[in-house]
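Q: So you can see what is in the structure, the chains are spelled out below.
Protein chains: 2
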Amino acid sequence: MDDKNTAPGVPAELLRLRDSIDNLDAALIHILAERFKCTQRVGEIKASSGLPPADPSRETNQITRLKSLAESARLDPVFAEKLLNFIIQEVIRHHEALRRQAE
Amino acid sequence: MDDKNTAPGVPAELLRLRDSIDNLDAALIHILAERFKCTQRVGEIKASSGLPPADPSRETNQITRLKSLAESARLDPVFAEKLLNFIIQEVIRHHEALRRQAE
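Sequences listed follow chains V and H, in order. Residue numbers for the first sequence follow the numbering used here, beginning at 958 and rising by one. Residue numbers for the second sequence follow the numbering used here, beginning at 958 and rising by one.
The shape of chain V in the complex, shown without the other chains (with noise of 0.2 Å):
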């Protein structure tokens, strides 16, 4: 598709690095997927049960866990907390956009 494994001056353990990257990042794309199924759907039951379209406490329970499973997996908590609070305000834009077609 792209030029990678054939790009000049690039080591050899970089381009197998890259490969592992590309496979990781359609594996992330993929989750995230199944994730904004799941919210979708959580949104629209928010939606008709009239619950607000954010839930501060969930969300604080939400990032106390991952920041304790970032930490296990030696990834940045600090990291994990900003893109989850990233994914989280995507979410409750949805929620929202949802929220006014019910009423």
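Honestly, I wouldn't trust all of these hints.
Pairs count within a copy or across copies, as identical chains cannot be separated in the list.
Claimed, not checked - Straight line, CA to CA, 27 Å or less: simulated DSSO-like cross-link-like pairs of lysine-lysine:
#1 Lys1039 <-> Lys994
#2 Lys1024 <-> Lys1039
#3 Lys994 <-> Lys1024
The hints are simulated quantities; they were obtained by calculation from the structure and are not laboratory data.
With chain V fixed as given, assemble chain H onto it according to the hints.
A: The following block gives chain H in isolation, referenced to the frame of chain V:
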């Protein structure tokens, strides 16, 4: 660990979806941890080979590929691009730090 399975007034389907989201988030964290292991090694190779921390043509290829994967998986490609940029910025910060150490 938290009270999500006994929360009063929360529909049962929403609780089941939250369990799935928690599982998917754990998968995300572990894939990201593996991805940062790869990019950490990429940073070491770049620093020792004198290659620049960022590689705009590689990043353009990555983003084009991931937007296409996101579309196939019915994930918003604009969100996928924003997320990948967020991750890449973190990786570049790590590479710059490694480069400063190598200098």
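Q: Each hint: holds or not?
A: Structure-based check of all given hints:
1. In the homo-oligomer, the alpha carbons of Lys1039 and Lys994 lie at most 27 Å apart both inside one protomer (22 Å) and across protomers (19 Å), since each shortest distance falls under that limit.
2. Taking CA atoms no more than 27 Å apart as the test, Lys1024 paired with Lys1039 passes in both settings, with 10 Å inside one copy and 22 Å between copies.
3. Taking the shortest Cα distances, Lys994 and Lys1024 sit within 27 Å of each other both inside one copy (23 Å) and across copies (17 Å).
Going through the hint list in order, the structure satisfies each hint without exception.
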